[in-house]
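Listed below, chain by chain, are the residues.
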Amino acid sequence: MKIFSKIMLVFMFLFLIVICVVEEEISSKSLFIVQNDCLRIENLTDGKENLQAMPITLAVDTLEYNWMNNESKLCYLTNHKSIQEIGVEIAKLKVYQQKNEIKEFNASLEAIKFYSKSYLHFMGASLHNVL
Amino acid sequence: MLTIVIRAILIYLVVLFVFRVMGKRQLGQMQPFELVLTLIIADLATIPMAEIGVPVLHGIIPLFTLVLLHFVFTLFSRWSTKFSMIISGKPVIVINPQGIDYKALKKLNVTIDDIFEAMRGLGYFSLEQVEYAIMETNGKISVLPKAEESPVTNKTMKFKVEASVIPVNIVSEGKVMKDNLNIAKIDEEFIKSFLRKNIGESAKIKNVLVMTIDKNGMVYLQMMNGSKKIFENVRRSA
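For the protein sequence lines, the chains are A and B, in the order given.
FYI, in our numbering the residues of the first sequence are 1 to 131.
FYI, in our numbering the residues of the second sequence are 1001 to 1238.
By construction, these hints were calculated from the structure, which means they are not laboratory data.
Keep in mind that the hints are not guaranteed to be accurate.
Each pair of labels, with its calculated beta carbon distance range [said to hold, decoys possible]:
1) B:Glu1051 / A:Phe11: 25 to 31 Å
2) A:Val18 / B:Glu1051: 22 to 28 Å
3) B:Glu1051 / A:Asn36: 29 to 35 Å
Computed footprint of chain A on chain B; a stretch qualifies when at least three of its residues, placed anywhere within it, have a C-beta under 8 Å from a C-beta of chain A [said to hold, decoys possible]:
4) 1054-1064
5) 1067-1075
Computed from a predicted model, the values in this text were never measured in an experiment.
Think of the CB as a built atom: it goes at the ideal place given N, C-alpha and C, for glycine as much as any other residue.
Starting from the given sequences, assemble the full structure and let the hints guide the process.
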């Protein structure tokens, strides 16, 4: 076997390992950040009547900023269409916050938490995904 | 649109690279597992090319995985004849001195017409001309003709012939094949002086369509605007 093919096969093998590890790492890290941000917002809004308070605005902005950063990384690994719901829900969340619509705000927050959990299912390596 | 253009180029390069790593077998020479691999690769490559939402990695990762699998299968096939037989099958004799082996044909799902077609492709138009026909693992049929139908060779006629030599292509469409100069043990200066001597003072390498030389010193030369010329016993020193 030619040395070129041998080197390339080793390269491919290492590339596959690196990509699998990186995918696992990035996807779990990104989605855990989303979940943590959501929990933080939940704690801040718990029992509050005014969603326009500065700490809540900052927390929502942080959630949006973190997700936009992580989404761009995840797009290298996953179909963009499969992970767009979180972005849509964050946009809604911001509107509900500005309009001080608590019920809708909480529903949106729950949706983001749900999507971040479900994304973890199809992004990671599991028997469900394989089959 | 630019994204699709760049993606197409990228995937084309990856597929080209994958086929280079896999080797140079052509479609007709492929073993079943290689054929399957080629078909899947063709399909995989088109998905990320046209779908912008799908990351290019979704096309590249399965390609690399399949190439590695192919490499592992090839390796195992080399190590174990049994494994090779499971993956690629084994050659089957479909025509023997007793005639067509119908059982073998049925097993292989091959018709008599297929056998005739393959025989005709090899230049045998009658079953009487064939002693054995073997269906190879890549689907091709090899034929051993009867002794009286075999082509006459120098050996059978007991002719004494000189060993065959392969001519080396030293100029192709005006370009000197530098790697081949070493094989032919000549340099560019030799070509220039040869052209000056045999074609004319104004003859240039860029006007040569093809020039070959073999180890017996036979030179085949054709200029772009001329007909072929053959020179024998050419000495390699300029």
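Consistency of the hints with the structure:
For the pair B:Glu1051 and A:Phe11, the beta carbons lie near 26 Å from each other, so the given range of 25 to 31 Å is met. A hinted range of 22 to 28 Å for the beta carbons of A:Val18 and B:Glu1051 is consistent with their spacing of about 24 Å. With their beta carbons about 32 Å apart, B:Glu1051 and A:Asn36 fall inside the hinted range of 29 to 35 Å. With 6 residues carrying a beta carbon less than 8 Å from a beta carbon of chain A, the region 1054-1064 of chain B meets the three-residue requirement, and the given coverage holds.
Only when three residues or more bring their CB closer than 8 Å to a CB of chain A does the claim for the region 1067-1075 of chain B stand; here the count is 3, and the claim holds.
When held up to the earlier numbered hints, the structure conflicts with none and fits them all.
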